[in-house]
Amino acid sequence: MATDTTGTPPSEAPPRGGSFTPAPGAAPLPRMIAAQAALETRMLLRNGEQLLLTVLIPTLLLVLFSAVDIIELPGTAADGGGDERADFLTPGILALAVLSTAFTGQAISTGFDRRYGALKRLAASPLPRWGLMTAKTCSVLVIELLQVLLLMAVALTLGWSPHGNPAAVVLLLLAGTAAFSGLGLLMAGTLRAEATLAAANLVFILLLVGGGVIVPLEKFPPGVRDALELLPITALSDGLRDVLQHGAGVPWGALAVLGCWAVLGLAAAARFFRWE
Amino acid sequence: MHSARTRPAPAVEVAGLVKRYGRKAAVDGLDLTVAAGSVTAVLGPNGAGKTTTIETCEGYLRPDAGTVRVLGLDPVTDAARLRPRIGVMLQSGGVYSGVRAVEMLRHMAGLHAHPLEVGPLVERLGLGSCGRTPYRRLSGGQRQRLALAMAVIGRPELVFLDEPTAGLDPQARRATWDLVRELRTDGVTVVLTTHHMDEAEELSDLVAIVDGGRVIAQGAPEELCRGGAENSLRFGGRPGLDLVSLLKALPPETAAAELTPGAYRLTGTVDPQLLATVTSWCAQNGVLPDRISVERRTLEDVFLELTGRELR
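Heads up: the protein sequence lines correspond to chains A and B, in order. The first sequence begins at 1 in UniProt numbering and counts up one residue at a time. The second sequence begins at 1 in UniProt numbering and counts up one residue at a time.
Bear in mind the hints are in silico, worked out from the structure with no lab data behind them. Note that the structure is a prediction, hence the values are computed from the model and not measured. Each residue gets a CB set at the ideal place from its N, CA and C atoms; glycine is no exception. Check the hints yourself; a few may be wrong.
[Claimed, not checked] Far from chain A, some chain B residues (derived; all Cβ distances over 12 Å): (1) G47; (2) G131; (3) P170; (4) T260; (5) T269; (6) T307.
[To be verified] Here chain B is said to cover these stretches of chain A; the calculated rule only asks that three of the stretch's residues, wherever they fall, bring their Cβ under 8 Å from a Cβ of chain B: (7) 19-28; (8) 118-128; (9) 197-205; (10) 231-241.
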């Protein structure tokens, strides 16, 4: 890897290894971004706390609430079986997976990257800042893909029967990722790492309970419910539910809510993010 | 300054740099020229403005006034062109907490077109034994050596090392010195900050002493030591010697003081003649001087004279 210079126009022959004779130059941009994305993905997959948040908690919730009738779920008969519960729960758990990776996980890891000066150091490397952010997004998408595949496999064994257009599902997941990434980066780029850690976990719990993930919104009073419906997590879990449980077409309402959060969050992050 | 005219364009040119944090100026009209291919040490007490100056050159900070040119480029507006050509070692950190030492170095290598080979550099800096250790579990010295390796891995033309030997044991410090010397031999320009006078004296072609946000003295280490106050001669003898009588025998610019009872210091041009005069005066007065020492001025003396001795 260190000696692979294919694809770069060599302005001068690189000197032999071992000598410090200057031979500066950036690697090709796609290779830098791919390397950065691969590094970030490896670090996330090695991080036990991250895996707890992104893999273990969503999987446990899915299995537990499908198997045990803890909460009475809409659309299921009073004596409804696990199949119907899985149909209600799986879209919510997929939304939770996006929340855990794009928001909570990304906020915490970016907060600590910033605290350790890693972002600052990379800002002086040949990798441009937008390249770094692109790589981060790629890494988030890779993790999400793994989460979605795993959770869908688990859901199918629990009797889940998905409906609807897969393209609409992908669209919702991407819009949700954009919305949560903006908010996560805004938090990571403005608060201290410890504050981000605490706040990101708190928000995770609150949205888990109040965002239509496992607790149906019908359980809340009407006024509260109207407010909750404007949350990005609610838009994502309800949008996914409309498609996957009820076979609806593209849920434009949910996409609009997510789009607004994405624009606001990413714009605020771009404006207020501090690299050190 | 000096022979800059006949040499290639300077690697770094800082003129009238001002950088404020709030109302306090961290850097207040600083000028510095670094010749290409040289090693320049920026010395100064804590809070003198060293790191602010370096970080302005690295493009992290935007000057409030003055100009900064690094390799002929503006570090902020030409950042994309400048960054592949410089190596940066931050004063601390700069590495992901969960990344392994060699993994990070390999990654930095991958961001450059013609990087050094990772393996030999790892061995040379003694990072082989901790290559798979996550950064957060590395010792302070290992972190410093990794950061140094990251600064040079991309074969830069110019490296900025902010306190490269802080917290290193003597062996690692020597290894760092050897590496800096080799960088210079291979034509890499080095700008480093340090608190160690011996380091500056040992390594650098130019020393710039910074205090209060400006350069208060600069020159080759030996030039700095020569100028200003003179060398001194110390000796011990019985308390209460008649220094007025001694001074009559000595050149007029010489000064004498009894620092503590029985401990004497002469300052002035200390040459063989002065020493002979002092010993013969002692002989005439029945004094056996003990612990005679001639003290050359060190960079540390210069530094303390210029920046004061009080803690800050």
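Verification of the supplied hints:
1. Residue-level check passed: B:G47 sits 18 Å from the nearest beta carbon of chain A, beyond 12 Å.
2. The beta carbon of B:G131 sits about 14 Å from the closest Cβ of chain A, which is more than 12 Å, so the claim that it is off the interface holds.
3. Once the 12 Å rule is applied to beta carbons, B:P170 is consistent with being away from chain A; the minimum gap is 23 Å.
4. The claim that B:T260 is not at the interface with chain A holds, since no C-beta of that chain comes within 12 Å of its own (minimum 48 Å).
5. Here B:T269 stays apart from chain A, with its beta-carbon at least about 43 Å from theirs, past the 12 Å limit.
6. No beta-carbon of chain A comes within 12 Å of the beta-carbon of B:T307; the shortest separation is about 28 Å.
7. For the region 19-28 of chain A, the stated coverage by chain B is satisfied: 9 residues place a CB nearer than 8 Å to a CB of that chain, which reaches the threshold of 3.
8. Given as covered by chain B, the region 118-128 of chain A passes the check, having 9 residues with a CB less than 8 Å from a CB of that chain where 3 are the minimum.
9. Interface restraint, the region 197-205 of chain A with chain B: violated (0 residues with C-beta to C-beta distance below 8 Å; minimum three).
10. Here's how the region 231-241 of chain A fares: 0 of its residues keep a CB closer than 8 Å to some CB of chain B, so the rule of at least three is not met and the hint is violated.
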